[in-house]
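Asks: Each chain, written out:
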Amino acid sequence: MEAQFLIAGFGGQGVLLIGQLLAKAAMHDGMNVSWMPSYGPEMRGGEANCAVVISDEPIGSPLVTEPPIAVIMNKPSMLKFAPTMEQGGLMLYNSSLIDIEPDRKDITAVAIDCNGIAEKLGNARTANMVMLGAIIQRTGVISIDSAMEALKATFGPKKEHLLPINRAAMEAGAEAAK
Amino acid sequence: MGQKMLMKGNEAIAEAAIQAGCRFFFGYPITPQNQIPEYMSKRMPKVEGGCFLQAESEVAAINMVYGAAGAGARVMTSSSSPGISLKQEGISYIVGAELPCVIVNMVRGGPGLGSIQPAQSDYYQSTRGGGHGDYRMLVLAPSSVQEAVELTQQAFDLADKYRNPVLVMGDGLIGQMMEPVEMPEYVKPELPEKTWAATGWKPGCGRERAVINSLYIDPSVLEQHNRKLFAKYAVMEREECRWQEEMTDDADFVIVAYGTTARIARSAMRKLRDKGIKAGLIRPITLWPFPNAPIQKAAEHAKAFLTVEMSMGQMVDDVRLAVNGKKPVEFYGRTGGIVPTVREIVEQIENMAKEAK
Amino acid sequence: MAVVYEKTKLLTDKPLHYCPGCTHGIIHRLVAEALDELGVQDKTIGVAPVGCAVFAYDYFNCDMMEAAHGRAPAVATGCKRVNPNNVVFTYQGDGDLASIGAAEITHAATRGENITVIFVNNAIYGMTGGQMAPTTLPGQVTTTSPYGRDTNHCGYPIRVSEMLATLDGPAYIARVSVHDVKHIMEAKKAIKKAFQLQIEGKGFTMVEVLSSCPTNWGMTPQEALKWLQENMIPQYPLGVKKEKEAE
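Chains as they are written, first to last, in our numbering: chain R, 1 to 178; chain D, 1 to 357; chain Z, 1 to 247.
Derived by calculation from the structure, the hints in this document are not laboratory data.
Don't take each hint at face value.
Stated by the list, open to error - DSSO-like, lysine-lysine: derived pairs with alpha carbons at most 30 Å apart:
1) R:K158 x D:K202
2) Z:K192 x D:K202
3) R:K152 x D:K4
4) D:K202 x R:K159
Turn these sequences into a full structure, and let the hints guide you.
Replies: Here it is as structure tokens:
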């Protein structure tokens with residue numbers, strides 16, 4: 001089993017965190033994982049993306065150049081990465097900020113109203129966790145429980161009070177992706 | 001082994017160094033290795049006797065390393081290609097004065113400012129000395145974050161053992177990537193005492209006056225010194241050469257690749273095997289000394305070799321020297337920060353297989 | 001019989017290689033005497049430069065390091081950070097310190113690095129055969145300013161002590177000269193004070209010593225001392241340039 005993700009959006013949308021939680025949770029589940037961020041001047045321009053590979057075999061390239069699974073949080077990323085996707089791939093995109101559909105007929109595209117759902121739950125900053133819930137629902141590579149364990153470790157005791165709202169966001173995202 | 005943690009290569013290297021007893025770090029910011037000095041600046045003040053100092057330049061940083069190593073400390077610096085070029089002066093002096101230290105190079109594209117993306121184009125510089133004069137450094141090339149941790153710790157021991165700098169050579173990808181790491185419990189091996197260090201002396205204190213120096217103005221004395229250094233390198237060549245072989249026993253086509261590129265080559269090798277092409281992989285872990293033995297052995301039965309690098313072809317020279325004309329040695333490389341893909345490597349070997357028929 | 005003159009134990013028996021009339025020998029002795037009087041031989045680490053004093057590691061009878069050209073303050077920094085109880089000094093000439101090593105000296109000073117710098121300024125590159133230094137006087141003839149230093153073409157000499165005195169880091173900066181006995185005695189006092197302050201942990205200290213180079217200036221030793229007094233001191237006024245208030 002090998003799952004390759006490309007997760008892209010604006011800096012500040014928490015796309016790197018989505019990737020890290022995926023990788024951390026899968027690592028705790030006993031899988032081989034890698035997480036590779038884009039780095040350099042494009043970061044300063046506000047774009048952020050990372051590649052995550054989860055596999056039961058040793059991981060070769062940690063780069064994902066033709067993503068079988070793309071997680072797209074904003075419109076520029078849609079325009080940039082939709083053409084690079086593998087045939088038959090899965091795209092999850094944030095329809096709150098993307099008013100177009102991917103220009104590809106050979107992939108499955110799933111629209112998730114990440115920001116809308118997060119706002120309804122009362123914390124707009126959990127839009128990335130809504131998306132993580134949708135990823136979990138659609139790919140099954142990790143469970144919400146293991147994602148929550150990873151989030152708990154990432155947050156530490158200071159932010160522990162934020163765990164329930166993040167769980168709610170993941171669950172709502174999973175529901176929306178059904 | 002401790003608990004598995006997801007760590008960035010750069011941070012894992014820094015922590016591994018501290019675990020191995022490194023207490024002094026001197027560095028200067030440059031992408032893509034900034035997480036090493038950043039991590040050190042956070043951790044060192046919390047470690048007993050730990051000192052992180054941001055130097056005014058790469059040149060100053062390596063000379064601070066010289067001073068600290070000369071005083072007997074475990075010391076490290078890190079940089080990326082352009083910064084490593086600046087450090088070459090100091091590295092040459094450190095070798096000449098026979099001081100142990102660890103230098104990390106997270107290689108980026110060149111020449112000049114080049115790019116900040118991963119590259120392997122500092123192979124010549126690293127394996128042929130790099131600075132002025134006749135010298136060698138042990139060059140360790142990890143291909144995973146876990147291996148980066150282990151090699152960093154070994155680098156300190158090797159540096160002390162040989163009184164010579166050791167270079168840990170990664171690339172932007174090894175430095176920036178996060179992978180699971182188990183931090184090994186560091187056990188210091190038996191190493192010679194640093195009786196040569198400059199720590200304060202007076203007549204009758206039980207040792208000779210320490211002079212940390214690379215100047216030998218008398219040609220015959222300098223020649224003697226160089227012979228002594230090369231006798232050390234001969235021991236390194238005999239005892240420290242490391243590599244990993246996969247499926248080379250029956251391989252018709254042997255890929256030679258190191259670091260990041262070797263990971264991709266391994267995936268390509270598996271794909272080729274699935275397609276019925278007998279591919280194998282030799283991954284040098286020490287770039288100097290270069291693992292000639294497994295290549296010479298494979299040259300007995302393999303049809304051809306393919307060297308894959310993120311450069312225009314540097315290590316391929318060493319592969320050709322090892323193969324010594326017995327079999328064809330092809331090269332495939334990408335540069336500028338572009339990482340070769342599995343598909344590209346598979347295509348190269350498929351073409352070679354067609355030609356061999 | 002009373003001993004009226006004795007070799008200091010901080011100098012080895014190795015004969016100095018310096019040219020006849022060169023004042024490096026005097027300055028070596030002043031540094032050695034100061035360290036001896038402070039009783040810190042067993043704690044002292046000296047860092048030798050590249051330049052005429054390159055072999056200083058053969059002369060100072062203490063642990064020594066030889067640095068690359070200009071890098072002595074960085075080497076001293078690494079050394080001092082490892083063993084803060086050591087007394088660490090650099091001994092550098094004007095080309096080494098004020099030209100190729102301008103960055104290292106400036107940053108060691110601004111960090112308040114707890115080391116002592118002995119800066120020997122003779123307005124010329126001696127070891128390499130008399131080329132123009134960053135401290136060469138306007139109009140001064142050297143092998144690379146054969147028509148005299150033209151300030152329109154290659155700028156002005158640097159007053160290092162005054163420049164570094166503008167920084168907050170240094171604890172003590174003084175300029176002294178060794179052209180006569182009176183000034184030699186003053187130089188000794190300044191050097192000893194600098195080491196004393198380092199021992200007390202006060203921070204960066206530097207003593208700039210105006211020195212002569214009869215060989216490359218093309219003068220007799222006596223003429224050179226006179227030239228130093230008449231030409232260098234007006235360009236490089238003597239005195240304490242920086243002294244941190246006692247805390």
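Asks: Decide if the proposed pair is consistent with the structure: R:K158 and D:K202, CA atoms, cutoff 30 Å inclusive.
Replies: Not satisfied, since the Cα-Cα distance of roughly 55 Å exceeds 30 Å.
Asks: Holds or violated: R:K152 and D:K4, Cα atoms, limit 30 Å.
Replies: holds, 16 Å
Asks: For the pair we were handed, Z:K192 and D:K202, check the Cα-Cα distance against 30 Å.
Replies: holds, 20 Å
Asks: Is the straight-line distance between the alpha-carbon of D:K202 and that of R:K159 30 Å or less?
Replies: At roughly 58 Å apart (the allowed maximum being 30 Å), R:K159 and D:K202 break the hint.
Of the numbered hints given earlier, the model fails hints 1 and 4; all others are met.
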